[in-house]
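Protein chains in written order, with my numbering: chain A, 2 to 299; chain B, 2 to 299; chain C, 2 to 299; chain D, 2 to 299.
Where hints are given, some of them may not hold.
Intra- or inter-copy, both count: the list cannot distinguish identical chains.
Unchecked claim - Lysine-lysine pairs mimicking PhoX-like chemistry, simulated, CA-CA at most 20 Å apart:
1) 290 / 262
2) 213 / 121
3) 285 / 218
4) 218 / 276
5) 121 / 218
6) 82 / 208
7) 60 / 288
8) 60 / 160
9) 232 / 288
10) 276 / 213
11) 82 / 160
These are calculated hints, taken from the structure and not from any lab test. On a predicted model such as this, the values are computed, not experimentally measured, just so you know.
Chain by chain, the residues run as shown.
Number of protein chains: 4
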Amino acid sequence: MFVNGVEVEDTYCECFDVYVSRVIVTAYNHCLAETAAIEMTGFATSVIMCPAEAGIERKLGFEETPDGRAGISVLICHPSKKTLQNQLVARIGQCVLTAPTANAFDGLSEAEERFDAGNKLRYFGDGFEREVEVSGRKCWAIPVMEGDFIVENDFGIVKGVAGGNIFIMGENQPSALSAAIAAVDAVRNMGGVITPFPGGIVASGSKVGANKYKFLKATTNERYAPTLRGKVELEIPENVKAIYEIVINGLNEEVVKEAIKRCILSATRIPGVVKISAGNYGGKLGKYKIYLSDLFGQ
Amino acid sequence: MFVNGVEVEDTYCECFDVYVSRVIVTAYNHCLAETAAIEMTGFATSVIMCPAEAGIERKLGFEETPDGRAGISVLICHPSKKTLQNQLVARIGQCVLTAPTANAFDGLSEAEERFDAGNKLRYFGDGFEREVEVSGRKCWAIPVMEGDFIVENDFGIVKGVAGGNIFIMGENQPSALSAAIAAVDAVRNMGGVITPFPGGIVASGSKVGANKYKFLKATTNERYAPTLRGKVELEIPENVKAIYEIVINGLNEEVVKEAIKRCILSATRIPGVVKISAGNYGGKLGKYKIYLSDLFGQ
Amino acid sequence: MFVNGVEVEDTYCECFDVYVSRVIVTAYNHCLAETAAIEMTGFATSVIMCPAEAGIERKLGFEETPDGRAGISVLICHPSKKTLQNQLVARIGQCVLTAPTANAFDGLSEAEERFDAGNKLRYFGDGFEREVEVSGRKCWAIPVMEGDFIVENDFGIVKGVAGGNIFIMGENQPSALSAAIAAVDAVRNMGGVITPFPGGIVASGSKVGANKYKFLKATTNERYAPTLRGKVELEIPENVKAIYEIVINGLNEEVVKEAIKRCILSATRIPGVVKISAGNYGGKLGKYKIYLSDLFGQ
Amino acid sequence: MFVNGVEVEDTYCECFDVYVSRVIVTAYNHCLAETAAIEMTGFATSVIMCPAEAGIERKLGFEETPDGRAGISVLICHPSKKTLQNQLVARIGQCVLTAPTANAFDGLSEAEERFDAGNKLRYFGDGFEREVEVSGRKCWAIPVMEGDFIVENDFGIVKGVAGGNIFIMGENQPSALSAAIAAVDAVRNMGGVITPFPGGIVASGSKVGANKYKFLKATTNERYAPTLRGKVELEIPENVKAIYEIVINGLNEEVVKEAIKRCILSATRIPGVVKISAGNYGGKLGKYKIYLSDLFGQ
Numbered sequence: 002m003f004v005n006g007v008e009v010e011d012t013y014c015e016c017f018d019v020y021v022s023r024v025i026v027t028a029y030n031h032c033l034a035e036t037a038a039i040e041m042t043g044f045a046t047s048v049i050m051c052p053a054e055a056g057i058e059r060k061l062g063f064e065e066t067p068d069g070r071a072g073i074s075v076l077i078c079h080p081s082k083k084t085l086q087n088q089l090v091a092r093i094g095q096c097v098l099t100a101p102t103a104n105a106f107d108g109l110s111e112a113e114e115r116f117d118a119g120n121k122l123r124y125f126g127d128g129f130e131r132e133v134e135v136s137g138r139k140c141w142a143i144p145v146m147e148g149d150f151i152v153e154n155d156f157g158i159v160k161g162v163a164g165g166n167i168f169i170m171g172e173n174q175p176s177a178l179s180a181a182i183a184a185v186d187a188v189r190n191m192g193g194v195i196t197p198f199p200g201g202i203v204a205s206g207s208k209v210g211a212n213k214y215k216f217l218k219a220t221t222n223e224r225y226a227p228t229l230r231g232k233v234e235l236e237i238p239e240n241v242k243a244i245y246e247i248v249i250n251g252l253n254e255e256v257v258k259e260a261i262k263r264c265i266l267s268a269t270r271i272p273g274v275v276k277i278s279a280g281n282y283g284g285k286l287g288k289y290k291i292y293l294s295d296l297f298g299q
Numbered sequence: 002m003f004v005n006g007v008e009v010e011d012t013y014c015e016c017f018d019v020y021v022s023r024v025i026v027t028a029y030n031h032c033l034a035e036t037a038a039i040e041m042t043g044f045a046t047s048v049i050m051c052p053a054e055a056g057i058e059r060k061l062g063f064e065e066t067p068d069g070r071a072g073i074s075v076l077i078c079h080p081s082k083k084t085l086q087n088q089l090v091a092r093i094g095q096c097v098l099t100a101p102t103a104n105a106f107d108g109l110s111e112a113e114e115r116f117d118a119g120n121k122l123r124y125f126g127d128g129f130e131r132e133v134e135v136s137g138r139k140c141w142a143i144p145v146m147e148g149d150f151i152v153e154n155d156f157g158i159v160k161g162v163a164g165g166n167i168f169i170m171g172e173n174q175p176s177a178l179s180a181a182i183a184a185v186d187a188v189r190n191m192g193g194v195i196t197p198f199p200g201g202i203v204a205s206g207s208k209v210g211a212n213k214y215k216f217l218k219a220t221t222n223e224r225y226a227p228t229l230r231g232k233v234e235l236e237i238p239e240n241v242k243a244i245y246e247i248v249i250n251g252l253n254e255e256v257v258k259e260a261i262k263r264c265i266l267s268a269t270r271i272p273g274v275v276k277i278s279a280g281n282y283g284g285k286l287g288k289y290k291i292y293l294s295d296l297f298g299q
Numbered sequence: 002m003f004v005n006g007v008e009v010e011d012t013y014c015e016c017f018d019v020y021v022s023r024v025i026v027t028a029y030n031h032c033l034a035e036t037a038a039i040e041m042t043g044f045a046t047s048v049i050m051c052p053a054e055a056g057i058e059r060k061l062g063f064e065e066t067p068d069g070r071a072g073i074s075v076l077i078c079h080p081s082k083k084t085l086q087n088q089l090v091a092r093i094g095q096c097v098l099t100a101p102t103a104n105a106f107d108g109l110s111e112a113e114e115r116f117d118a119g120n121k122l123r124y125f126g127d128g129f130e131r132e133v134e135v136s137g138r139k140c141w142a143i144p145v146m147e148g149d150f151i152v153e154n155d156f157g158i159v160k161g162v163a164g165g166n167i168f169i170m171g172e173n174q175p176s177a178l179s180a181a182i183a184a185v186d187a188v189r190n191m192g193g194v195i196t197p198f199p200g201g202i203v204a205s206g207s208k209v210g211a212n213k214y215k216f217l218k219a220t221t222n223e224r225y226a227p228t229l230r231g232k233v234e235l236e237i238p239e240n241v242k243a244i245y246e247i248v249i250n251g252l253n254e255e256v257v258k259e260a261i262k263r264c265i266l267s268a269t270r271i272p273g274v275v276k277i278s279a280g281n282y283g284g285k286l287g288k289y290k291i292y293l294s295d296l297f298g299q
Numbered sequence: 002m003f004v005n006g007v008e009v010e011d012t013y014c015e016c017f018d019v020y021v022s023r024v025i026v027t028a029y030n031h032c033l034a035e036t037a038a039i040e041m042t043g044f045a046t047s048v049i050m051c052p053a054e055a056g057i058e059r060k061l062g063f064e065e066t067p068d069g070r071a072g073i074s075v076l077i078c079h080p081s082k083k084t085l086q087n088q089l090v091a092r093i094g095q096c097v098l099t100a101p102t103a104n105a106f107d108g109l110s111e112a113e114e115r116f117d118a119g120n121k122l123r124y125f126g127d128g129f130e131r132e133v134e135v136s137g138r139k140c141w142a143i144p145v146m147e148g149d150f151i152v153e154n155d156f157g158i159v160k161g162v163a164g165g166n167i168f169i170m171g172e173n174q175p176s177a178l179s180a181a182i183a184a185v186d187a188v189r190n191m192g193g194v195i196t197p198f199p200g201g202i203v204a205s206g207s208k209v210g211a212n213k214y215k216f217l218k219a220t221t222n223e224r225y226a227p228t229l230r231g232k233v234e235l236e237i238p239e240n241v242k243a244i245y246e247i248v249i250n251g252l253n254e255e256v257v258k259e260a261i262k263r264c265i266l267s268a269t270r271i272p273g274v275v276k277i278s279a280g281n282y283g284g285k286l287g288k289y290k291i292y293l294s295d296l297f298g299q
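Only chain A is shown next, with the shape it has when bound in the complex (with noise of 0.2 Å):
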């Protein structure tokens, strides 16, 4: 199949369960909203060695949030309930509470499955919190040195998709590398996904498990490494020298899908992109099996 020109290869990504909250951070403007969700969000591309995996998922208008301020969505997502639970209370409680002017609402109104994040965090007013309502919600104010910090009791956690991923190969690394931005581009602000990797991309994909040192649960994914041609049998065409990887995790398979084709639709635009692939592991480990051909109606 070819989109834009470029090939793309038949092929499926694997995805995964997990479990995603999603946290409404408020501020005076969206610079400041932006500030607390850029670290709050931090430290946060994989759990092979991070604490969690999330990312900004959108700007939300002033009149699309509880306490009527510029508001972003972040995602936050771990295969562990439990873990995912503690992410909450503590990347709220250490990068919204602290944040100048920064509110934390729920963005999961409507899951059935609550978690008391906010509850928790309350404890912090050390007996001088309060109960308050905004919007109909149950909400704590802490008082604390800028004023009242406004949480929401309680969080809504789901099941979503983690691992939504293509290749993006180009005939050089900035041709690959300029295609993977547009692709991250294309998803910013379209709800549902997050790309949980340095500015959404992905520069030095894995496999699981290893070939060498069996004591690692992932390393390089050596038959995509440009620069060990002629040393090992690489599956990327000859006029490959870089490839750079998108990971989506979002809340359902459709958006994951959506969100697939959006980066695949822009990423073929840019000159010097040779082919479009993506990542499983023959279906051995995930749920999810998404076929880029039938992204495209084929």
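With chain A fixed as given, assemble chains B, C and D onto it according to the hints.
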């Protein structure tokens, strides 16, 4: 004492020993280097519930970096040397190795104490990594999807100073916040220090322990919580409606002092700032006392 | 009337007819499109001494643009149709044609009145330009150093509304400014409007003509200058120390009204804001009167 | 000659005399100073159709500015001294006077030739302006809505150098562009120079005059237009698909030379860059010739 017409309280901030490493992240350009650095220094405001305290120290010119590219230097801090070492491996591995075009070099070449974080990370190469020299430094080249990731073999660890701080008190929240933003702006790129909280600013200063919820290590500093006026005896002037704290970690006491001085000089130029103070624990906890009056030769 | 507890004066802002064109700038990604758009809309705050009034209207998704790339839409305004035409040629030619990866398309396809700015610019191709079709639009491909620059043949011109405004009065400068920032933030990406001043904010509102220096078309509005308290009879409350004006140009009266409403709703949520008003000339100059009270159904 | 393994053509760029002023814009913080500076330096890529050439020179620390606040220095250039003077008045008056918290000071105190732009602007005060001294400089305080706007009475004008340039040729568009971005990044904040085009980059280099459309002063440089391969005899290597030009204006020849050297050093580190060249008119038009080989002591 008055600075720019604003009262500066005759008090001191109390600082603590902390272990510090400096990572130089390089990339095609400063924007890409910052992308890696922001991810790497996220979720790192306070070791109360974050795995480290970290922040961007400054931009490095192309001529200042080992590989002649754009650089950003980052400081990572932790009171435990062992945890700092683990965090170096995890944050470089998850946030720089994965970031587009980024490499990671040591920024404390003269430190005697060394930790071989790069040597730990090279195993990701699964046997395909190779030793290389960059500007006389022992490094590893790890073949990944984008090409080769370069990481220095070992990183210096020094004893630095954590917890430098000032309190900025305003007649309303926007004036205190504008002054806090100006304070952080004045030490950005200064070198030797970081301000690890979101945007460099703390909205919710804490006291050690709790009065009511004894199970907590830190709770709100109620005597500095303006919305508790009338309920608690506050230690702030009548006309103060909001306070922001700037927390500074640095390589040594001198540079933290210089940073605090710059913060005070810039914060006091913002209209509506009523008073500057600082936080301490009566000298019971920290080794260093920085008297605000000393900073201005008085 | 009170909005979010802040007094809104019972007055109106007075608006004028203006000619408007909308240019869609596309590029690899939104960052590059914005680079062109920022250059193109600079030096364009007020036609008092700038050659045009211009600003970024909103981001366009990849699916919204004629060439399927990232887009930024820009509005350019002038009371003189002839000057607007000249400015279209000059600003597209000097700021989009020259910008990396940028193309320029018309954003007012349904406007009956057209000006062939692209046809003027194609002569830069010195005979090597060729007509091409992009999504059914007649365009020109001009061979340049980076490849081909694409520009649409003609651009719509419509009659819009200029000079929509509010005054935000604060008990100090940072509070008025924080509210002004929130106001501008609330209409960014709304569509149909721009706020042409620096950061969308006016620090120095003017009156028509002068009392003393009669050779000037516009001078400071001294009755709204807080530092003249005691020297001039001010038209602002006793406790107001700073005022910022938001000026809004838009495609029609309805969208300017909606924008003013959003500005007031967001500005009045910032602590320290004392009053909202608006500027007019007693109805002598402009065709449109927008009553603030009408906006809130009162 | 080869730099970082990339061929640098043995040629020179030809530069011209230009009049230059430097404006120091100060504000609460660098973000606000930049807001004013961006507006002030917009629509200023080339005097072919822009009223000036202008750009941000560098950030100034709080200790470097006359009023002890955050600063951004800006260079404004024009071959006509008279036009430069008019542009100083218009751009300070429309883009700094109007910008929140911004002041404007001269950045060329030692220049003998002076123009009293501040004295022209003070009439906006309509008789309420007053003379004030800031760090020993004669300034005007003009009462405006936000408070007082401060502008220095006069600004230095010096003879500088315009038109310094290099051509960056890439095997595809993203590689040439990534190198151009790195080149501009390497001279940002260097001091003494600006790169006035959008993002500092020129996508559409021009030749003087025209072959076909004789009524134009400048048209596309068809011998450097990669999409004309096969139709025109190109002066670029077979494998070059895109070229970007960096144009540099500076205070003197030495600083322009240093900037060009830095651009070449950083651009040649990007993969896919094939060749560096420069533009000249056979020495017929400009007074200065900067030989690329001289820059590297060869």
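Verification of the supplied hints:
| no. | hint | in the structure |
| --- | --- | --- |
| 1 | 290 / 262 | within (14 Å within a copy, 47 Å between copies) |
| 2 | 213 / 121 | between (45 Å within a copy, 14 Å between copies) |
| 3 | 285 / 218 | within (16 Å within a copy, 45 Å between copies) |
| 4 | 218 / 276 | neither (28 Å within a copy, 43 Å between copies) |
| 5 | 121 / 218 | between (33 Å within a copy, 14 Å between copies) |
| 6 | 82 / 208 | neither (25 Å within a copy, 31 Å between copies) |
| 7 | 60 / 288 | neither (30 Å within a copy, 36 Å between copies) |
| 8 | 60 / 160 | neither (23 Å within a copy, 31 Å between copies) |
| 9 | 232 / 288 | neither (34 Å within a copy, 55 Å between copies) |
| 10 | 276 / 213 | neither (30 Å within a copy, 41 Å between copies) |
| 11 | 82 / 160 | within (10 Å within a copy, 37 Å between copies) |
In summary, the structure is inconsistent with hints 4, 6, 7, 8, 9, 10 from the numbered list given earlier, while agreeing with the others.
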